[in-house]
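Each chain, written out:
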Amino acid sequence: MMPHVLVLDSPPPAEDATRSFRTFVEVHQRFVYSLGLHLTGQHHDADDLSQEVFIKAHRAYGDLRDYTAAQAWLRRIAITTYLNTRRKKAWQMLSFFGAFREADQPRITPEAGYERADWWQSVHAALRHLTSRERAAFVLRHLHDLSTAETAAAMDVAEGTVKSLLYRAARKLRPHMRHLRNT
Amino acid sequence: MHERDEQELQRFGEQLKHVPTPDPGEAYWDGYYGRLLGRMHPVAEPAPQRPAYRWVWQLAVALLLVVGGIVVGRYSTAPDPEPRVAVGAERPEVHAHAVRMLGRAEVLLLGLAHAEPSLDDPAMAQIERKRALANDLLADMNALRDALDPLADGLLLDVLDELEVLLLEIANLDGILDTPGVERVQRGIEEGSALRHLQQSQIDLNQALPIS
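First to last, the sequence lines map onto chains A and B.
Here my numbering is used: the first sequence runs in plain steps of one and ends on residue 183.
Here my numbering is used: the second sequence runs in plain steps of one and ends on residue 212.
Honestly, the hints are just simulated from the structure, not real lab data.
There could be a bad hint or two in this list.
In silico contact screen, one side only, chain B against chain A (beta carbon under 8 Å); selected entries [as the list claims (entries may be wrong)]:
1) Glu8
2) Leu9
3) Phe12
4) Gly13
5) Leu16
6) Lys17
7) Tyr32
8) Arg35
9) Arg39
10) Leu168
11) Asn172
12) Gly181
In this text, a Cβ means the ideal position worked out from N, Cα and C, and glycines have one as well.
Generate the whole structure from the sequences, applying the supplied hints.
Here you go:
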């Protein structure tokens with residue numbers, strides 16, 4: 001599930017720029033990490049991606065005027081960074097199973113984790129069939145509940161392109177989805 | 001998108017959402033900002049203390065390098081018992097198909113790269129033809145993808161992924177004066193270096209193809 005994230009409706013306390021940005025990071029770090037994990041599937045890649053996002057956000061932090069739109073702004077940076085870096089072959093394919101194994105997971109009991117491991121392994125295998133853009137469209141539209149228009153804005157593509165990407169994703173995932181529903 | 005596909009994907013998404021996102025734990029979050037600062041302002045690490053007899057290590061490393069150089073030189077000049085077969089030579093028809101498709105796509109992208117979204121621009125006046133060509137190339141690309149080997153043709157498949165989204169954008173252009181749409185395509189061409197990747201792929205494939 002999506003983590004609960006507070007969104008600032010006014011600029012963070014501005015004692016100094018560093019402290020202000022620190023507050024900003026602390027408010028949004030779980031959101032950015034979670035998105036990174038959904039996109040890359042690996043704890044280490046999600047950590048790397050989230051930090052890269054905040055480094056880019058820091059460079060443009062002075063330009064952020066509407067703090068209520070901070071999540072959308074960070075999401076856009078995350079998607080662009082993910083797609084560009086994915087192109088360079090730096091990220092691994094989605095592997096939620098790997099994320100379960102690698103991350104220190106205090107909230108999930110070992111029993112529950114092991115029970116889900118097989119299922120997630122199947123999910124991992126299914127999502128490997130998607131291209132990075134199909135995956136990004138699927139994650140934003142169906143895991144992060146963005147509308148088609150919001151997904152298109154986050155990916156900087158037309159709405160029709162998002163629909164085509166989702167159609168392709170559905171076609172590729174269909175046999176795996178049937179299998180997963182029966183497990 | 002077909003309604004059934006949309007519903008099916010939505011159900012799948014709901015199923016995934018029921019499993020909580022793994023949380024790396026409080027220790028991870030406590031150190032998060034510190035690590036971020038470290039990446040933003042990397043501090044030069046002090047040079048490690050060198051041992052008193054460092055010349056012994058230096059000599060050992062130098063000797064290793066010399067021996068390594070001799071071994072590498074000997075084997076690299078020896079004839080290769082099993083010469084590598086160029087990938088293109090194994091499946092020339094598939095790679096010739098790829099070269100043709102990439103060439104057509106390159107022409108399409110070149111035509112749009114510097115087009116102005118106006119009726120006066122000849123490139124935009126033919127937008128319906130460009131949309132039809134983009135759809136045709138997308139269908140062609142699907143057939144090509146099925147014929148490619150994910151392991152041997154990984155780089156080419158990456159180029160096709162990059163090209164696919166541009167073709168989808170072109171196929172979805174909303175008429176001649178879709179300024180935001182044309183700008184998105186142009187941004188995609190420029191930012192992704194799509195043309196350079198297309199050209200490089202064609203060069204690589206042509207080099208791998210047998211001379212007829």
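Run through the hints listed earlier and report the numbers of any the structure violates, in increasing order. When the structure is compared with the hints, none of them turns out to be violated.
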